[in-house]
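Join the two chains into one complex using the hints; note that each chain is given alone, in its own frame.
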Amino acid sequence: MNNNIYLPYLMIIEKIVEEAPGVKTFRLKFKDEEEAKEFKFKAGQFGEYSAFGEGECTFCIASPPTREGYIECTFREAGKVTSTLAAMEEGETMGFRGPFGNTFPMDEWKGKNLLFIAGGIALPPLRCVIWNALDMRDHFKNIQILYGAKSVADLVYKRELKEWEERPDVQLTVTVDPGGETPDWKGEIGFVPSILEKLGPSAENTIAIVCGPPVMIKFSFPVLDKLGFKSENIYTTLENRMKCGVGKCGRCNVGKMYVCKDGPVFSRALLETLPAEY
Amino acid sequence: MKRKYISRHSLMNCLKKVQTDGISLYAPVTRGEQTDFRFITSVDDLSFDSVQTVRSAKAVAFPCSEKLFSYTKEKNDVQLQDYNPDVLPEVLVFGLHPCDAVGFGPLGSIFNWDTQDKPYNERRKRLTLISLACTRADEYCFCTSVGGGPGNTEGSDIQLTPIQEDGYLAEIITDKGNEWYEKYSSFFEEAAEDIRKENYLVEIPVKFNIEEVERKMTELFESDIWQLQSERCIGCGACAFVCPTCACFDIQEDAHGNTGNRIRCWDSCGFALFTLHTSGDNPRSTQSQRWRQRLMHKFSYMPERLTVVGCTGCGRCSRACPVDMNLSDNLKMFNYE
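Residue numbers (this note's numbering), protein chains in the order written: chain A, 1355 to 1632; chain B, 469 to 805.
Derived from the structure by calculation, the hints contain no laboratory data.
Since this is a predicted model, take the numbers as computed values, not measurements.
Misleading hints may appear alongside valid ones.
Unchecked claim - Quick list of in silico lysine-lysine cross-link-like pairs, DSSO-like style, CA-CA up to 30 angstroms:
(1) A:K1434 - B:K543
(2) A:K1391 - B:K586
(3) B:K535 - A:K1385
(4) B:K543 - A:K1369
(5) A:K1394 - B:K586
(6) B:K541 - A:K1394
Looking at chain B on its own, in the form it has when it is part of the complex (with noise of 0.2 angstroms):
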């Protein structure tokens, strides 16, 4: 792994020089009080203030609403256009915290455990990942309960860390990283060997014990714990739109006269409707039903089926509930039941 220093002034400069190059750029931006990513035209938008955007990166890799093909009717027949990746962008995108970084593994494990997924792989394909370590986090922040870490470097191409006020160690992570570290190299300087990245990042305490929580998870499946955990949830599924790692959809159409396109959009497992058959039955038909579920898909039933957690413990779905229920202390409760 190469390590290097680039000022501040140097890095607004590079990702000018990436703009100007035809890369889209996807950042956090500030409106508001809210700091979210987005698509930026001006790098002097870049936000890099907040502990956490509101919702994760993954928009980036798999739209809230997407495409998948096209159709036409005519008379009794039809003509299909396929799903056309020619007119993806490449997208640096910038900023992001390691747990978002990660997140792109359980995303990518859940698109392809089996058959491939066409439209993520395209997306994601043309992605670099230029990620921030965290010198600040919030009482929401869990990676290291969940493997992760302020400085962990999986998942990024390259990785900086603020060091200094007008400057940052990045590391160079992967071949990818490397080729855009090799084509934008002028910007950066020679690293001082004694720079210790581990003094710069914020110390989160672990909340429990990952393997523990899994464990007793599955024991607990008919316990009334989650009754007592999702007493107050109304459904709202916050929480999974704004997660790093939730990829449940729904596939829709979206029907203009004759033409129309098949669209998949963001779902949640929290919906009553997620699960409901025609017949009227709906075999996750209370909350506290979609509660395990939300947490047994993420906790035990992804670590045994794609070996990954579907966590990365970057805290959004608590910081989003609208009735205050926190992740990381209801996944403590397992470590004491």
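Isolated chain A, as found in the complex (with noise of 0.2 angstroms):
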């Protein structure tokens, strides 16, 4: 008979990266080979992630498929799972069930430039996305990312940011809430609809990708109205509570849509059609 969905695949935690205060990455490998080798996930999908003992928690794959042999993990210690996880060190087994939900549509946005505005902790989704288009750079128009945070401290990747920074075919504004910058501080200061609005970008041939906290999305929204992005050509990917991950258990529906199996990832265009339960 076909094989249990709830047994989780064994991963070896192969490298931790302090992000920021409570924020760690986690590069994952299958302890299993055949395993690592059958593995295959798109920009946007996510997985539900073990520490044995304590129980799952939900978190995208943050890095891309174009990058083999691991999978990483980006989240803030919030929860009893959480906590676990970031208590744990290099070497220790932990589990990994995945890749779910539906992706980017990456192929359709070919020959496009792409927008990505991200806050706080919801920068671990994009840079998937990020990353796996700058891998196949050729494919893709002008890459533009703005990403915000509440403090210098709190932005997440900064050693990828500063490699953002430096590529020339990238362009990309940092900003932090008024208040977080520090001395030396030399990107924007301000929430990130208001830089937004101050960069205007170009709605031509463009799509936009935008995920963050609700506030965030919700005064970003009618910038983009301003700007002429329709709304079909801005996405967004969602995160409500989960525990099957596979459209059983639940929870995290947005009207007759699964976030696991519809989403996670919607275009504005599906979202304006749902009940905000999100």
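Spelled out as structure tokens, the structure:
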């Protein structure tokens, strides 16, 4: 009979990076080489990560499918499972179920400009797409990234931000909330929606990928409207509470759509047809 | 479909034989004032008298709490022990009413609409369902309003209809039922050709138009009808726990030092914690939103996504509700809005 969808892969924590206070990135390798070879995913998908003895929690896969042999997840220590994970060390074993959910339609985006707008701990789901796009750079026109966090310390992927900043083929803008800057801060100061308005990116042939706290999304959409972005050219990724990840446990639905099956990636055009249950 | 006759006396002997053949018997048993499905050791404990058990028979395929796999931690390493179906028993579910037998349809759809759910499927395929058509009902019953009926055979492998004080008409419905019948045919007799099953069934009035309810619900998503209906709901989840088709579950850890089990437990969309994010945000933060989810899931999302209504009209949620919220009354409101 078929496999047990609740049985996780065993993963070895190969590398841990401290990104920001309470935020870590784990690089995970499959314990079983056969499983590693068979494993395939696409940008936008997520998984259920296990700390055996505590339980599971849901994060996106933060590394791009173009980098094979490992997956990465970035998480903030917040509840029981994430606290247990955060206390784990390199070489220890954890669990992973996935990949689950739909994907960003990157094939449809070929030949277009990509505008990434991310806030706080919501950069990880977009980081997967950003690196995916950069690893096949010729397929896309302009790649612009706007990223904001509460403070300089809260910015994640600091070494990668530097790398993107130095690349001539990426336009990166980093901003921190007023009061979150340090004396030597050279980036922008201000909330993401107002910096977005200031930058005024063109909507022409451009896909906007937005992910962040609800308040950032709420105030960024009207700016995108003003800039002429059509709803079908705006994408976001949702993270409702989940348990099974496979459309059965019954809690992540937004109206008739399951975030775990029909999402987590939604176009704004589709979201507009659904109740605001996220 | 074969039609046979079996006397009460032969039926009891047949069930005894089933037990000595090593098949577990899961059937209604009365203890105190409550009748519920249990695994029974003696057929003398069987109860034929209640209109409806408190809980549905779903736990026989979807237990209230169930191990999904086990793990052992050793230093940096972890060993997993997969779900083991070999220990599961063959079960004869006896004496469930048509509304419970038909409930395995929506359950199966939820567990298999996309990926296959091994724990559910392994238990389900070991079940044979012998239902008892209804000769009695109460004011909470509304199977006829959701496409069912007191003699509905859908989901049953064999259905018995009480036709005399001491005998039953037996309809052999599925291949599985036929295999079972062939094995125990010596207990059965030929049924008289002039037995008309419907003469023995209770009449259950249709209370609302289900298509209209489905259509109206979607239209009224933003209406205050949900608040009106759920004002007194205390979010206890009893409705979900007694329901034959509610399948929402939680996944939890049952840890004992370095070993443990990943388990799944019944959950309810009526609980405030059900959708609560770690951040504190809750997409369904009020009881009326949770009540709307319960009804929309059963009567709008499931019909649309799984082509099956998530309700069999058994009426248990209304019988169990501590604040007397009556589902069929509430559904009827959607015919008048």
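Outcome of the hint check:
{"no.": "1", "hint": "A:K1434 - B:K543", "result": "holds (21 angstroms)"}
{"no.": "2", "hint": "A:K1391 - B:K586", "result": "holds (24 angstroms)"}
{"no.": "3", "hint": "B:K535 - A:K1385", "result": "holds (24 angstroms)"}
{"no.": "4", "hint": "B:K543 - A:K1369", "result": "holds (18 angstroms)"}
{"no.": "5", "hint": "A:K1394 - B:K586", "result": "holds (23 angstroms)"}
{"no.": "6", "hint": "B:K541 - A:K1394", "result": "holds (27 angstroms)"}
Violated hints for the displayed structure: none, as all numbered hints are satisfied.
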